[in-house]
Amino acid sequence: MLREITIGQYYPVDSVLHRMDPRTKLFGTMVYIVSLFLADNVWCYLAAAVFLAAVIRLSHVPLSFMVRGLKAILFLLLISVSFNLFLTEGEELFRIWFLRVTREGVRMAGFMAVRLIFLVVGSSVMTLTTTPNQLTDGLEKSLGFLKKVRVPVHEMAMIMSIALRFIPILVEETDKIMKAQMARGADFESGGLVQKAKSMVPLLVPLFISAFRRATDLAMAMEARCYHGGEGRTRMKPLRYAGRDYAAYLTYAAYMGVMLALRTVF
Amino acid sequence: MGIIKASKLVFDYIRRDEEENIEETDRAIDGLSVDVEKGSFVAVLGHNGSGKSTLAKHINAILVPTEGTVWVSGMDTADESKVWEIRKGAGMVFQNPDNQIIGNVVEEDVGFGPENIGVPTDDIWKRVDESLKAVGMTAFRYKSPNKLSGGQKQRVAIAGVMAMRPECIVLDEPTAMLDPDGRKEVIRTVTELNRKEGITVILITHYMEEVIGADRVIVMDEGKIVMDGTPREVFSRVDELKEYRLDVPQVTELAYELRKGGADMPAGILSIDEFVESFMAAMGGTEA
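Residue numbers (the working numbering), protein chains in the order written: chain A, 1 to 266; chain B, 1001 to 1288.
These are calculated hints, taken from the structure and not from any lab test.
In this text, a Cβ means the ideal position worked out from N, Cα and C, and glycines have one as well.
Take the hints with a grain of salt, since some may be wrong.
Here are some of the chain A residues that sit facing chain B, going by a computed Cβ distance under 8 Å [to be verified]:
hint	residue
1	116
2	163
3	165
4	217
5	223
6	224
7	233
8	236
Assemble the whole structure, with the sequences as input and the hints as a guide.
See below:
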């Protein structure tokens, strides 16, 4: 069962968005986030909604998956909405005990909620249509310019993709150690928080030892296969822009134009 | 000079304390000399701590000699400028199949080596196709390595080495963590590569059954070569092998005991068929 776990939330179907270059999607997400912070009236948000709806349709991912990410920010959403609702100065609409609700407050709270929801759903579109590995590749290539200021971009990407490969292996190992300890009478279930944390120690120690051993082995295997950092390295699957990527960039430009126009006009 | 040559090789594992003073030295290889011919299949046997894995790591320049010299395709492994050239020519497959696969997809892992040595993209794909075919793993190329069996993972690891087009492959106990089926799978693959592609194979193992197909068997003990010859020569010296805490294949031992008991059996029998044949001959063929 543990073998089947997926990392990230990639939803495997075939769509234009899935086939798009990860760099295009990364940039698009950034553009969208910026546009959300530029928006300051209802029309802007409407445009953002239309754009998001169109992208979701193109992605062939069911809407329920997009909304799933919202659960994680529900608490944050509630806090920011209530703060905006009750603490904004302005024309009073009504008052519950000492809490004043103003017209400006309602407006701010509404915008804040919509902005947060769009932000989360918008970035979910990217993670749902891009495998973690493509994402790593895309990040490495997009941040390549940082190599000039000696940021080890390639090394960081390599670490990320190795971590992705070893997560299922380590999860399986944890399971194995846990069962071995349970067979010898270890108790991971009962007791309070402190007790539970304490019972994790005999689990974590062997897990760490084995992880370090794996790391040494892997490093040796990588060196034996001539790995010596990113320099002079070629790619088996280099990232190449296709027609759809150029079309996407044009769409971003058009979208940004509409956003800015709506912002100034209204 | 053969493809691999070691001369008076000595290697010490040195343990140091916090002040970098030498606390303890442990001699793993002690004055070993060997010459391996190109295209041959050499099996290295020895019990734990005999120095066989240490020897393997010298061929790939992962370890460099404390004393003496190792040459791989004529290059001295102590020469740091040749390290990548040596590793390209002498690939290495390790014991644990999980800890040597880097890619998240089989074909990407096979491409890892060629990527590192700067092979152009189109050529990488060609090499990956060829290597996967050579080990019979083409059908699994889009799979995640986590979903393969141990034997399949080792075959992927072998393909990863093959994609670098080495002249020689060193396998350091590649079957120690596999089940019997996986073991057969790996040994069959390696034997095929040796026969068909002419790759020099150095197989480090402690399973006797795996060395029967080799051209040459080297037995190591305490960092020295103590026996060296064809499988038949080595396995005819059963008592000596036992002294080095090694087992012999069951048929070999049975034939040996029969011979000791006075039966007219030849020395160094390696397979069941061979045993049956000579046993029938020895019994005068009456029971046929």
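Does residue 217(A) pass the interface check with chain B, least Cβ-Cβ distance below 8 Å?
holds, 4 Å
Is the hint on residue 116(A) kept, meaning its closest Cβ partner in chain B is under 8 Å away?
violated, 32 Å
Under the criterion of a CB-CB separation shorter than 8 Å, is residue 236(A) in contact with chain B as hinted?
holds, 4 Å
Taking the closest Cβ pair, is residue 233(A) under 8 Å from chain B?
holds, 6 Å
The hint names residue 224(A) as touching chain B; please verify it with the least Cβ-Cβ distance against 8 Å.
holds, 4 Å
Does residue 163(A) pass the interface check with chain B, least Cβ-Cβ distance below 8 Å?
For residue 163(A), the interface hint is violated, since the closest Cβ of chain B sits about 11 Å away, which is over 8 Å.
Using Cβ atoms only, decide whether residue 165(A) comes closer than 8 Å to chain B, and label the hint accordingly.
holds, 5 Å
Measuring from the C-beta of residue 223(A) to each C-beta in chain B, is the shortest one below 8 Å?
With a minimum Cβ separation of about 7 Å from chain B (threshold 8 Å), the hint on residue 223(A) holds.
In this structure, the hints that do not hold are numbers 1, 2, in rising order.
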